[in-house]
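> The lines below spell out each chain.
There are 2 protein chains.
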Amino acid sequence: MEEDETRSIKWHLADSSNPAPMSPFSNGRILYNEHPLSRPVPGRTVIYDTLQTIDIGAVPLNGGFLMQTIVLSSDPYLRTRMRPQEIKDFAPPFVIGQPLDNYGIGLVLRSEDDKYPPGIYLYGFHFFQQYSVRNDTDTIFPWIPLQKPQALSWSLFVGTLGMPGQTAYFGWKALVEEKAKMCKTLFVSVGGGPVGSFVIQYAKMNHPQLKIIASAGTQPKLDFMKSIGADVVFNYKTENPATVLAEHGPIGIYWDMTAGSTLDAAVENMENYGLIIACGATSVYNTPAKDRPQIQNFDLLFRKSITVHGFRSTDFMEQYLMQFFAEVPTLVLDGKIKPSEQRYLGLEKAEEALIDVHTGDNFGKAVIIVSDDS
Amino acid sequence: MEEDETRSIKWHLADSSNPAPMSPFSNGRILYNEHPLSRPVPGRTVIYDTLQTIDIGAVPLNGGFLMQTIVLSSDPYLRTRMRPQEIKDFAPPFVIGQPLDNYGIGLVLRSEDDKYPPGIYLYGFHFFQQYSVRNDTDTIFPWIPLQKPQALSWSLFVGTLGMPGQTAYFGWKALVEEKAKMCKTLFVSVGGGPVGSFVIQYAKMNHPQLKIIASAGTQPKLDFMKSIGADVVFNYKTENPATVLAEHGPIGIYWDMTAGSTLDAAVENMENYGLIIACGATSVYNTPAKDRPQIQNFDLLFRKSITVHGFRSTDFMEQYLMQFFAEVPTLVLDGKIKPSEQRYLGLEKAEEALIDVHTGDNFGKAVIIVSDDS
Numbered sequence: 001m002e003e004d005e006t007r008s009i010k011w012h013l014a015d016s017s018n019p020a021p022m023s024p025f026s027n028g029r030i031l032y033n034e035h036p037l038s039r040p041v042p043g044r045t046v047i048y049d050t051l052q053t054i055d056i057g058a059v060p061l062n063g064g065f066l067m068q069t070i071v072l073s074s075d076p077y078l079r080t081r082m083r084p085q086e087i088k089d090f091a092p093p094f095v096i097g098q099p100l101d102n103y104g105i106g107l108v109l110r111s112e113d114d115k116y117p118p119g120i121y122l123y124g125f126h127f128f129q130q131y132s133v134r135n136d137t138d139t140i141f142p143w144i145p146l147q148k149p150q151a152l153s154w155s156l157f158v159g160t161l162g163m164p165g166q167t168a169y170f171g172w173k174a175l176v177e178e179k180a181k182m183c184k185t186l187f188v189s190v191g192g193g194p195v196g197s198f199v200i201q202y203a204k205m206n207h208p209q210l211k212i213i214a215s216a217g218t219q220p221k222l223d224f225m226k227s228i229g230a231d232v233v234f235n236y237k238t239e240n241p242a243t244v245l246a247e248h249g250p251i252g253i254y255w256d257m258t259a260g261s262t263l264d265a266a267v268e269n270m271e272n273y274g275l276i277i278a279c280g281a282t283s284v285y286n287t288p289a290k291d292r293p294q295i296q297n298f299d300l301l302f303r304k305s306i307t308v309h310g311f312r313s314t315d316f317m318e319q320y321l322m323q324f325f326a327e328v329p330t331l332v333l334d335g336k337i338k339p340s341e342q343r344y345l346g347l348e349k350a351e352e353a354l355i356d357v358h359t360g361d362n363f364g365k366a367v368i369i370v371s372d373d374s
Numbered sequence: 001m002e003e004d005e006t007r008s009i010k011w012h013l014a015d016s017s018n019p020a021p022m023s024p025f026s027n028g029r030i031l032y033n034e035h036p037l038s039r040p041v042p043g044r045t046v047i048y049d050t051l052q053t054i055d056i057g058a059v060p061l062n063g064g065f066l067m068q069t070i071v072l073s074s075d076p077y078l079r080t081r082m083r084p085q086e087i088k089d090f091a092p093p094f095v096i097g098q099p100l101d102n103y104g105i106g107l108v109l110r111s112e113d114d115k116y117p118p119g120i121y122l123y124g125f126h127f128f129q130q131y132s133v134r135n136d137t138d139t140i141f142p143w144i145p146l147q148k149p150q151a152l153s154w155s156l157f158v159g160t161l162g163m164p165g166q167t168a169y170f171g172w173k174a175l176v177e178e179k180a181k182m183c184k185t186l187f188v189s190v191g192g193g194p195v196g197s198f199v200i201q202y203a204k205m206n207h208p209q210l211k212i213i214a215s216a217g218t219q220p221k222l223d224f225m226k227s228i229g230a231d232v233v234f235n236y237k238t239e240n241p242a243t244v245l246a247e248h249g250p251i252g253i254y255w256d257m258t259a260g261s262t263l264d265a266a267v268e269n270m271e272n273y274g275l276i277i278a279c280g281a282t283s284v285y286n287t288p289a290k291d292r293p294q295i296q297n298f299d300l301l302f303r304k305s306i307t308v309h310g311f312r313s314t315d316f317m318e319q320y321l322m323q324f325f326a327e328v329p330t331l332v333l334d335g336k337i338k339p340s341e342q343r344y345l346g347l348e349k350a351e352e353a354l355i356d357v358h359t360g361d362n363f364g365k366a367v368i369i370v371s372d373d374s
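Chains as they are written, first to last, in the UniProt record's numbering: chain A, 1 to 374; chain B, 1 to 374.
Don't take each hint at face value.
Facing chain A, according to a computed beta carbon distance under 8 Å, are these residues of chain B, among others [stated by the list, open to error]:
(1) Ser261
(2) Leu263
(3) Ala278
(4) Ile295
(5) His309
(6) Gly310
(7) Met317
(8) Gln319
(9) Tyr320
Treat the hints as calculated values from the structure; they're not laboratory data.
Given the structure is predicted, the values throughout are model-derived calculations rather than measurements.
Positions of the beta carbon are idealized from the N, C-alpha and C atoms, including for glycine.
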């Protein structure tokens, strides 16, 4: 990247003299309590527990390090982890009685591991817990030390600069970019969310010839999608997707995060040799297997020579993560990718954040601010 | 190809003094009569018509040529053409009152076009009609002059050496071959048909490490699939595909020609990063749109990072047709690809052939022998 000095990213390291609260004191946690049958249920699926205490200055580290959780991410995919152990899926199940974990940022307060000295921030899989003793290997993702551009809050690193933004960026780079050069129309469902809104903006910036159609379920989301470059927006709850897509299609590329009736309408309106990116399934997560929404138009994949690429962000992490961190923070600083987030202040608000992403009640990336993320 | 002399292919040209019947005489035709709601209906969907007469020696050619139809193909995809004009699909609709057309072989009897002299055989889209006056441009596919290896019958050129074999070969070459090198399991549905049986044999020959699972609906088809290299065969009508595939999977590559419940069972048993080739939809062709079988597991495409490539044989014809004709006839002569065909003798049997491919009552590629194809 060639940037002029005024726009260059400033990094800073946290002050390792960060004051810790008096010890021992309550260490708040969000525990997984019960498998939901459909959406997570308030007061039942997870509970906020304050019974555990911790002595910040004295808790044994056993060769590891003490982490203060700064921000956590609430994502729709977490619903796939709310299941009995014996059911297999792409992400590991939560364990009843144990704290949830997910993408987040933590600050190392004390350490017995030279790789993770006090004062550094780690991107990785954090427990829904205010303080945790961790080590180098107890996580399904490697810890990634991050230095934060001063103008950006840590919460962005679980949204536009975290897994959702990475999902959009990786999928676009690996599976869409070449096809986008010769297409006229892109349709994005769940376009008001952190993945969809990234796709809209990144597509608009790099492929201005694309007509971008985007769907969401509330008027503020439609307005937001318009403001970031979508040419046609519609509310899938009040308008018939098939009608809208028939009017504004045919669709060259469909970025699918729903997998239900919107997908069916999209397949019906794909052009020959179209491309579908299967990237999420919001219509499915909260539905018992037997009631899962079905799609009727699968045979059109053959009739129209359509390609579907299903992917998960981790598929391309190794290939594109460094490129992502080289390119995207600057785009955010420059206002070329506009994040939108809904902040839930305090770990005790995590339950609300976990539920809202399944009802569409949040607007923007749902982030849980556990500690000051300035 | 390096072949020793004894195995080399012998070509011959037909005798252009081929005797024609006395003229004028009845020119049998299969006319499209009525749109079927489900399967083609005996006596209604098409009718055999003998009212038209033709004077072989005197019919005006108008710069074109007179063709005697030798063999015609009956394929499941023809059902997609039995529809009203206003419904769009990948292949053009049949026209009420007009003869059907499809892949076949014809012999040029008289000609006013130097490109197509009397005595040559043409592969292309032929009318379901004993004799036809055609020209260079009245066909959706170019006419391909073929010279026949002496040991092979013309009927093979609409089966293993025609569109079905080409579909299997093109799809394998373009979309599967690289993936097959690193896979352990291949599942083929409609494995007793001309596409599926080609895929089984070609896969076995080139990728012996693959465990091949194949499904069909009758015991003779299961026996045939076993005899040509399938390791596991099952009857989808009497066994639960999900159970069989769970036992013998997970599946690395699925060659799908059904698009219904067998597909759903396959998706459920695909391995991560699996590949699905969407190549046909036998479960759909005869079903009104509103009753089309649905699939429930589409979200697994994302959860397992699966790729689906839908394709039609014409997509890769230009790229692979010459390679196909260079490679496959020799494989058939050498017995490495074993065709299986069901011959319907006489154009008046075409109706039966058109219906049988939708009930599974045929065993092997359904070919209509209109004239002597020796």
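> Now, for every hint given, state plainly whether the structure supports it.
Taking the hints in turn, this is what the structure says about them:
no.	hint	verdict
1	Ser261	violated, 11 Å
2	Leu263	holds, 7 Å
3	Ala278	holds, 4 Å
4	Ile295	holds, 5 Å
5	His309	holds, 5 Å
6	Gly310	holds, 4 Å
7	Met317	violated, 12 Å
8	Gln319	violated, 14 Å
9	Tyr320	violated, 15 Å
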